[in-house]
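Chains as they are written, first to last, in the numbering used here: chain A, 5 to 330; chain G, 212 to 535.
What the hints contain is simulated information worked out from the structure, not anything from laboratory work. Check before you lean on any hint, since a few could be wrong.
Unchecked claim - When the alpha-carbon atoms are kept at most 25 Å apart in a straight line, the in silico DSS-like pairs for lysine-lysine are as follows: (1) G:Lys447 with G:Lys437; (2) G:Lys437 with G:Lys473; (3) A:Lys298 with G:Lys447; (4) G:Lys531 with G:Lys519; (5) A:Lys198 with A:Lys256; (6) A:Lys298 with G:Lys441.
Claimed, not checked - To be clear about the criterion: a stretch of chain G counts as covered by chain A if any three or more of its residues have a C-beta under 8 Å from a C-beta of chain A, and this derived list gives those stretches: (7) 316 to 326; (8) 387 to 393; (9) 414 to 428.
Quick caveat, the model's predicted, so the values are computed rather than measured. Backbone N, C-alpha and C define an ideal beta-carbon position, used for all residues, glycine too.
Each chain, letter by letter, is given below.
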Amino acid sequence: MPETTYREAVRDAMSEAMRRDESVFIMGEDIAEMGGSMGVTQGMLDEFGPDRVRNTPISEMAIVGAGIGAAMAGMRPIVEIMYQDFTTLAMEQIVNQAAKHRYMSGGQLKVPLTIRTQGGAGWSPGAQHAQQLEAWFVHVPGLKVAFPSTPEDVRNLLYASIYDDNPVIFFEHRTLYGLKGDVPEEIEPVEFGKARIHREGEDVTVVATGRLVHEALAAAEEAEGEGISVEVLDPRTLLPLDEDAIVASVEKTNRCVVAHEAVVRMGFGAEVAAIVQERAFDYLDAPVGRVGAKFSPLPFAPIMEEYVVPHARDVLAAIKKTVGKN
Amino acid sequence: MATAEKKSHALAPDTLKDFLREMLLIRRFEEMVEERFRAGELPGFLHVAIGQEAVAVGVCRALDDGDVIASTHRAHGHTLAKGTHPNELMAELYGKIEGCSHGYGGSMHLYDVERGNLGANAVVGGGLPAIVGSALAFKLRSEPRVAVAFFGDGATNIGTFHESMNLAQLWGVPAVFVLENNHYAESTPAKQQLPIDDLTKRADAYGMHAMKIDGQDVEVVYHAAKKALKHARDGKGPVFLHVETYRLTGHYIGDPQVYRPKEEVRELRRTQDPVEKLRSALELPDGEWEAMEREVAEIVEGSVEFAKAGTDPKPEDALKNIYA
Ligand SMILES: Cc1ncc(C[n+]2csc(CCOP(=O)(O)OP(=O)(O)O)c2C)c(N)n1
């Protein structure tokens with residue numbers, strides 16, 4: 005079980021697929037010589053050459069669209085969008101085209117495209133470089149959405165995404181790239197829609213994504229010291245979503261908190277809360293708590309940024325409130 | 212059609228000294244920013260425009276009061292040249308309320324509306340359409356004002372560039388598009404992102420009046436900008452000002468520049484430094500140069516002191532200014 009970083013795990017999944025399969029290639033801005041703005045594709049140009057590690061102009065809409073076309077023509081492209089904020093430039097192609105070709109063609113076409121992107125606050129880049137926009141995509145039928153939080157999951161899920169016959173929006177979290185973890189020697193593709201329980205507990209279920217998985221685990225540790233037993237569940241893929249795992253966990257703990265870095269309002273957590281009340285209402289002993297960013301663009305000044313984005317202490321506060329211990 | 216612009220008439224030495232002082236101020240300011248960033252004092256993501264000072268100064272000195280600009284992620288020079296006090300800019304980089312964006316923006320989001328800076332933009336091409344719209348507003352109200360967009364060669368590949376050029380020409384609005392062609396988009400050289408040699412052709416495609424100039428000579432930039440602005444202000448439509456320039460540092464502070472040979476940067480620094488070029492053209496006596504250096508150093512150091520003594524926002528200030 006070699007230890008690897010989240011960053012290396014992403015690279016590993018892509019390289020493995022590209023070694024195995026000529027139809028897999030990657031394109032994006034500054035991914036070749038520079039190895040990507042986050043260093044994820046470092047070394048890949050040397051191994052695979054400029055045809056398969058394609059540096060592109062700054063043309064998000066066109067490169068996503070070209071990815072769609074290549075996918076429809078039998079390739080399995082990976083498109084890297086440097087910052088999640090810039091997926092907004094490609095939204096038309098993602099929402100109206102990628103997500104809908106299969107449907108509009110009555111099942112004739114498939115779009116096996118993986119769009120990798122990253123984001124995450126905590127380094128004061130300001131309002132246009134660290135947003136978390138996953139809720140925009142889980143609203144769109146026809147897309148799949150993954151948001152892994154560990155090296156093992158990021159590798160296995162990315163591999164699965166590349167081989168999925170549908171367009172996948174694949175979110176990586178900027179602050180996790182350096183995270184180390186054990187990964188199995190062989191890639192074991194994970195099925196989409198299967199949650200991972202990171203920690204078992206009895207009193208409350210925290211459904212967390214991305215960086216907040218780790219914040220939730222830290223909060224759970226603290227809560228333990230105060231006699232609260234916390235279960236931490238990471239859905240890993242947001243679309244499809246492992247509703248059964250969430251419901252089963254809440255049926256056991258009778259309480260639920262959802263936690264993500266994105267803005268709370270209309271966030272992914274709102275959907276989880278709705279599912280829980282629909283499917284486990286009779287099991288709930290408290291309202292579902294929600295943790296996320298305050299309703300504000302990301303401010304530049306670190307003092308304000310720190311205030312806007314959620315931390316372990318916010319998860320802990322929500323846990324305590326839910327169990328009536330604040 | 213593209214026309215190569217030559218110096219039409221020389222500026223008075225005092226004017227050029229003033230330009231030199233402003234360019235030197237921007238240079239030393241940005242060097243201080245690099246230093247303070249490396250010392251861990253500045254948060255965020257910073258890009259300096261070392262090597263491109265003559266563009267900022269030449270264009271901004273040609274503007275009238277009332278003209279507006281939109282800048283990019285590489286915005287310190289434009290902001291200073293448009294009149295923002297170095298104290299207010301440095302305070303912004305330190306995240307203070309006294310900053311030109313009051314701590315909300317940071318290096319990539321410098322605003323100074325009173326001085327006609329409608330904002331730097333961290334999204335490549337993000338500011339171009341609004342410049343067309345501001346110019347439209349000036350036209351609709353018959354105001355003799357011009358809206359100016361700064362952007363890089365990389366930005367000419369994004370949709371907003373093409374849509375903005377088309378719209379501006381179609382509507383004949385008083386806008387000037389200043390292309391700062393520094394031959395790289397982050398790590399990507401021209402040959403990997405541009406299928407044509409001369410980006411002036413992109414203006415030709417929209418029927419827009421274009422000029423191509425040397426951006427390392429501030430006097431050339433100034434004269435060309437004056438002409439472009441006059442053209443726009445006189446109601447003759449927008450202008451594409453293609454400025455050849457060079458980035459003498461990394462794309463962002465800390466960029467190891469693995470994508471270009473060290474020799475290239477050394478050579479550019481030797482031959483394409485706009486500050487040095489003007490200094491030697493002016494044949495400034497050593498004493499005068501040193502006095503200028505001292506004056507500028509004082510301003511830059513003063514800006515750091517001002518910034519450090521500034522007021523931190525309160526955490527909950529984050530929830531202000533979201534709606535008007
Ligand atoms: C829409 C968008 N895509 C990608 C980026 C990341 N990025 C920031 S600056 C840059 C290169 C810009 O090149 P250019 O327009 O030539 O300006 P320069 O950096 O040379 O001043 C890139 C790709 C971005 N900020 N916005």
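Legend entry - Hints violated by the structure (listed by number, smallest first): Numbers 2, 3, 6, 8 and 9, in rising order.
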